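S.K.: So the protein lines, in turn, are chains X and B. Residue 103 in our numbering is what sits at position 103 of the first sequence, and the numbering runs on without skipping anything. Residue 1015 in our numbering is what sits at position 15 of the second sequence, and the numbering runs on without skipping anything.
Because the hints were derived from the structure by calculation, they are not lab data. Predicted, not measured: the structure shown is a model, and the values here were computed from it. Glycine included, C-beta positions come from ideal geometry on N, C-alpha and C. Treat the hints loosely; a few may be bogus.
[What the hints assert, rightly or not] Residues from chain X that face chain B, not an exhaustive set, calculated with beta carbons under 7 Å:
id: 1; residue: Leu50
id: 2; residue: Ser54
id: 3; residue: Ala68
id: 4; residue: Asn72
id: 5; residue: Ile74
id: 6; residue: His77
id: 7; residue: Asp85
[Unchecked claim] Pairwise CB distance ranges (calculated):
id: 8; chain 1: X; residue 1: Pro66; chain 2: B; residue 2: Val1062; range: 15 to 21 Å
id: 9; chain 1: B; residue 1: Ser1060; chain 2: X; residue 2: Asp59; range: 23 to 29 Å
id: 10; chain 1: B; residue 1: Lys1031; chain 2: X; residue 2: Thr70; range: 47 to 53 Å
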Amino acid sequence: MLKASQDVPIYFVIDAIDECPHTTGIPSLRDQVLALVKKLVALKLANLRLCVTSRPEDDIRTTLGPLASTSNTISLHDESGQKRDIVDFVTSVVLSDANMQRWREEEKQLVIETLSDKSNGM
Amino acid sequence: MRSVRDLLAALSLAVQAKMFTGNQLRHDLAKWLSPPDPFVNLNIANDTRHRDTTKWFTQSSVFKSWGESNSLLWIHGKRTCSNPLLAVSFYNRTLCPQPVVGKRFLGTSSIKLFLFRKLMLSTIDQLCDHPGFKWHLEIWFGIHGVLFLRFQGHRQARCARTVVFSHCPAQQQIQRFP
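All chains, full assembly: derive it from the sequences and hints.
M.R.: What follows is the structure, encoded as structure tokens:
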């Protein structure tokens, strides 16, 4: 099917590959998914846009590291946009939650700053 | 409940006898495929997504250049990847004006949707709807009962592909023939 549609782009996003079980089976389910990613990259289909998100666990890093160029590898942990998203979200919750309306302004600010700082990109 | 074999028989007879075509055939095929609803998880994820989240990414040069090449994009982070926000962003941010074949979003909250068979059912179902594809249906009775779908692109005959989908539980697999 991928080859059948060579004149249109196909976006294939695999989210959270680290949640795929790695403990049972030889090869494990995760090994099989990683092998599929490797195979898709090797096909070099001009219309295929492949993206994988995951934790940087050893087996995943070993497989995906050589397949993705440095410019096409994003570390969310170091990403300022990701940190900004967290601050925006925490701020929005603290300012809109009915129970937190009773808090003093400096308490709200303390919660926002502490949660944002300690979130560590999560 | 009718068995797969009964449905195949009914469809086969209908096609052979040319009793109905177009919408009726499409309706019966959709009923037989019974694809999972791909929008349940998408809507849940969209509802939980804070406004403008991940905008930094979908508006970045990395995202733009990835959309113009066939290279692999790898995004890694501590626990951020356990939520589907980035995947939703990908989905919402349509890189081509009109999805030619279709879009499918399968969230992590429903592990059953990850079954390859269901994904294929869903994709086949959507392919049938696309006006860019004219399709005709042939049904062939093997030992296990097989649905034989042939898709042919309007513009390029070389795009013709045949997909054979076995509904035998022991052989739930897709085979493609050139």
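S.K.: Given aspartate 85 (chain X) as an interface hint, is the shortest Cβ-Cβ distance to chain B below 7 Å?
M.R.: holds, 5 Å
S.K.: Was the hint right that isoleucine 74 (chain X) lines chain B, CB cutoff 7 Å?
M.R.: With Cβ-Cβ at 5 Å, under 7 Å, it holds.
S.K.: Take a look at whether the Cβ-Cβ distance between proline 66 (chain X) and valine 1062 (chain B) falls inside 15 to 21 Å.
M.R.: holds, 19 Å
S.K.: Holds or violated: is the Cβ of alanine 68 (chain X) closer than 7 Å to a Cβ in chain B?
M.R.: Alanine 68 (chain X) check passes; min Cβ-Cβ to chain B is 4 Å, inside 7 Å.
S.K.: Let's test the interface hint: is any C-beta of chain B closer than 7 Å to that of leucine 50 (chain X)?
M.R.: holds, 5 Å
S.K.: If I claimed the Cβ atoms of lysine 1031 (chain B) and threonine 70 (chain X) lie 47 to 53 Å apart, would that claim hold in this structure?
M.R.: holds, 49 Å
S.K.: Tell me if the interface restraint on asparagine 72 (chain X) is satisfied: Cβ within less than 7 Å of some Cβ in chain B.
M.R.: holds, 5 Å
S.K.: Any CB of chain B closer than 7 Å to the CB of serine 54 (chain X)?
M.R.: This interface hint holds because 6 Å falls under the 7 Å limit.
S.K.: Per the CB criterion, is histidine 77 (chain X) less than 7 Å away from chain B?
M.R.: holds, 5 Å
S.K.: Verify the CB-CB distance for serine 1060 (chain B) and aspartate 59 (chain X) against the hinted window 23 to 29 Å.
M.R.: holds, 28 Å
This entry satisfies every hint, going by the numbered hints stated previously.
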